[in-house]
Amino acid sequence: MYELLTGIIFYISIGVCVVGMIIRTALYFRGLAWNLDRVAYKAFPKQGFQGAVRSIYKWLLPFGTHGWRKQPFMTVIFFSFHLGAVLVPLCLLAHNIFLEEKLGFHLITMPNLLADFLSWVAVISAVFIVLRRIALPEVRILTTWYDYLIIAISVAPFITGLLARYEVGDYSFWLIAHIVSGEILLLAIPFTKLSHVFLFFASRAQLGMDYGIKRGGLKGTKMAW
Amino acid sequence: MPEGIFCNKKPIETEEALKAFMGDTSGAQYYKEMQSLDVDSDLLWKTIQNTCKSRIRTWLEICAHCGMCAESCFLYLVNDRDPKQVPAYKIQSTLGEIVKRKGKVDNEFMRMAMETAWAKCTCCNRCGLYCPHGIDMGVMFGYLRGLLYQQGFVPWEMKIGAGMHRVYRAQMDVTEEEFVETFQWMAEEYEEEYVGLTVPVDVENADILYTVNAREVKHYPEDLAEAAILFHAAGENWTIPSKGWELTSLAMFAGDWAACKMQVESVYDAMERLKPKRMVGTECGHAHRATVIEGPYWAGRKDGQTPVPSIHYIEWLAEALREGKLKIDPEKRIKQPVTLQDSCNYVRNHGLREVAREILSYIVEPGYFRDMSPNKEHNFCCGGGGGFNGIGLFRHQRNKGLMTKRDQILKTGAKLVIAPCHNCWDAIRDLEEEYEIGIKWSFLKPLILSMLVVPDHMKPEE
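Chains A and B supply the protein sequences, listed in that same order. To convert, note that position 122 of the first sequence is 1294 in the working numbering; the numbers rise steadily by one, no gaps. To convert, note that position 391 of the second sequence is 392 in the working numbering; the numbers rise steadily by one, no gaps.
Okay, chain A solo, but in the shape it has when bound (with noise of 0.2 Å):
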């Protein structure tokens, strides 16, 4: 079991995960048009990319706008959430062993501490974040099924990972579980609202070339995000 699912599942697991999220990515730029979305992209590539670049930027700065400013609870959060889920995945040190073992390559390494303590804020903040979507009236109203499906998509392996790092129970039971839901989330994010993981990019940057050409950029003025 072990042995499929670091195996042959796990690359088909990666290669569909970035195969996909590169063909999303490419597809998003090719159906963008000037004419339908009313922005001359092509006309202004360097105002293009600066309002995009700023429209990233600023989003990604904690309290950095002013919609992240208006909510700070959402903000902590969010951003308490977001910090674990992209950087435990990518610089745990088991993992990139095991990167290293599978594909011969390794990112930066985070200290297992400073790895546990993230991934408790991500939990916690998960936990936070179904609250928030139960208990005010305005999320509640968007809120649908589909909506805990990907938060439970996001957090499972997060929960397995934890119980198979203290070994509760059944260690092997608890690191199969976590592959197994780890796989799952890569084979979700080109398919599924996951695909934020890079379309927040590009529809961010969508929006920033809007304001940097068409909505005031080419005026000087740039946006006060």
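Calculated from the structure, these hints are not laboratory results. Watch out, some of these pointers could steer you wrong.
Unchecked claim - Dumping the calculated BS3-like pairs for lysine-lysine here, alpha-carbon to alpha-carbon at most 30 Å: (1) B:K11 <-> B:K33; (2) A:K1391 <-> B:K262; (3) B:K278 <-> A:K1394; (4) B:K377 <-> A:K1214; (5) B:K103 <-> A:K1365; (6) B:K303 <-> A:K1218; (7) A:K1391 <-> B:K326; (8) B:K303 <-> A:K1214; (9) B:K377 <-> A:K1230; (10) B:K105 <-> A:K1365; (11) B:K412 <-> A:K1242; (12) B:K54 <-> A:K1391; (13) A:K1214 <-> B:K54; (14) A:K1391 <-> B:K377; (15) A:K1394 <-> B:K377; (16) B:K20 <-> B:K219; (17) A:K1242 <-> B:K401; (18) A:K1394 <-> B:K303; (19) B:K47 <-> A:K1214; (20) B:K412 <-> A:K1394; (21) B:K54 <-> A:K1365; (22) A:K1391 <-> B:K276; (23) A:K1218 <-> B:K276; (24) A:K1242 <-> B:K85; (25) A:K1391 <-> B:K303; (26) A:K1391 <-> B:K328; (27) B:K401 <-> B:K219; (28) A:K1214 <-> B:K262; (29) B:K47 <-> A:K1365; (30) B:K401 <-> B:K416; (31) A:K1214 <-> B:K278; (32) A:K1230 <-> B:K303.
The hints should help you fit chain B onto chain A, whose structure is shown.
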């Protein structure tokens, strides 16, 4: 009855049809017919497949349902935080559903979508500034309006507006002759007071081509005179086009994209015919957006630019004051608490956030300007944008919407609101009528004129 006599999928193309349509007072029969208007699902889905590309599809797909857009919407705030007014909900429950169901929606759904598109969104684009994914629901509502218009589900006044543009190339029944005659007549009226005042018509290679809002011709002709006096006082070499003089586009509010194209092309034709150095448009927000910001795209201009550089009236005014072409009598500057209404259409949508403030620095005594909060590109819609002001069916919702601006103004303590936008000006007039908060409102032209140092050559001999 699938297609009604008035309520149908056909645009109004002739003067005769327009008159007959307007004969149906308040659209009584029109809205009755709408109750049984068929939805052409095949056409709807085909249109979506052809026009709904990756930007909007991705927006609909990746919306995280986080609700961070809620508080950005003045209609959500003013309607007691009704969850049904959350921008993401409004667009997901209308356009989102239509796409999801591949166009297979019924009459009742389309009427709900119509109310949502015209009475729950003014296309002010504020929500787009507050979405982490950069999802601009105002843009999507603009798109949805186009789909609804094509299917005949459009408020009565909007269909008239689009029809006016198709028939007259103006938002009202003002002909080319009427426009030129009215402008010249107004200049004659003020000729004795301002010596040498004339209205140059169709002059080629002028420095400025001036375009207006048909309402000025029809209802506020003094505005034309004021524009003429200020150009004359500034020593500008300006002209008006006898054809292609209308800057506005109710067709944009209606979602009639074909009429949008016809309208702006008439203005661009005038630019190409008369070859001015640049175009200056009157104090109107949506008109600037239609002709200067969106128009080039409707006309298929790949660089997104008008044939000659085109600016808003406030840009010309700021320049004329800055360069001393127009001089203000410091004694006559505004000495009462005054605030400024930022128009979404050229502030949030064209970055002109400092221009009007520069003008105020010349015409308001220091210490009297009170900014609204929020302001500039984060300002709230006046409450009547996107056609909301003009739709009788949704008057109640519009009046409720005005409360946001009312409260913003009250907080400043200002007694005068400067609104360099026809739509905002109307909304502020209406909110004063509705809520009587004791304010005055004004365009910039009359204020500038009241404190202008009239050049000697324009003064009548004693």
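Quick rundown of the hints versus the structure:
1. B:K11 <-> B:K33: 17 Å, holds
2. A:K1391 <-> B:K262: 24 Å, holds
3. B:K278 <-> A:K1394: 27 Å, holds
4. B:K377 <-> A:K1214: 29 Å, holds
5. B:K103 <-> A:K1365: 20 Å, holds
6. B:K303 <-> A:K1218: Holds: K303 (chain B) and K1218 (chain A) sit about 16 Å apart, inside 30 Å.
7. A:K1391 <-> B:K326: Holds - the C-alpha atoms of K326 (chain B) and K1391 (chain A) are around 22 Å apart, at most 30 Å.
8. B:K303 <-> A:K1214: 8 Å, holds
9. B:K377 <-> A:K1230: Judged against 30 Å, a Cα distance of about 18 Å means the pair holds.
10. B:K105 <-> A:K1365: 24 Å, holds
11. B:K412 <-> A:K1242: 20 Å, holds
12. B:K54 <-> A:K1391: At roughly 28 Å apart (the allowed maximum being 30 Å), K1391 (chain A) and K54 (chain B) satisfy the hint.
13. A:K1214 <-> B:K54: 17 Å, holds
14. A:K1391 <-> B:K377: 15 Å, holds
15. A:K1394 <-> B:K377: 12 Å, holds
16. B:K20 <-> B:K219: OK: K20 (chain B) and K219 (chain B) at ~17 Å, within 30 Å.
17. A:K1242 <-> B:K401: The given pair, whose Cα atoms are some 24 Å apart, holds under the 30 Å limit.
18. A:K1394 <-> B:K303: 23 Å, holds
19. B:K47 <-> A:K1214: Holds, because 27 Å separates the two Cα atoms, which is no more than 30 Å.
20. B:K412 <-> A:K1394: Given pair K412 (chain B), K1394 (chain A) holds - Cα atoms ~28 Å apart, limit 30 Å.
21. B:K54 <-> A:K1365: 17 Å, holds
22. A:K1391 <-> B:K276: Holds, at about 23 Å.
23. A:K1218 <-> B:K276: 29 Å, holds
24. A:K1242 <-> B:K85: Between K1242 (chain A) and K85 (chain B) the Cα gap is close to 21 Å, so the pair holds against 30 Å.
25. A:K1391 <-> B:K303: 18 Å, holds
26. A:K1391 <-> B:K328: 26 Å, holds
27. B:K401 <-> B:K219: 28 Å, holds
28. A:K1214 <-> B:K262: 22 Å, holds
29. B:K47 <-> A:K1365: 25 Å, holds
30. B:K401 <-> B:K416: 21 Å, holds
31. A:K1214 <-> B:K278: Satisfied, since the Cα-Cα distance of roughly 25 Å is no more than 30 Å.
32. A:K1230 <-> B:K303: Roughly 29 Å separates the two Cα atoms, so the pair holds.
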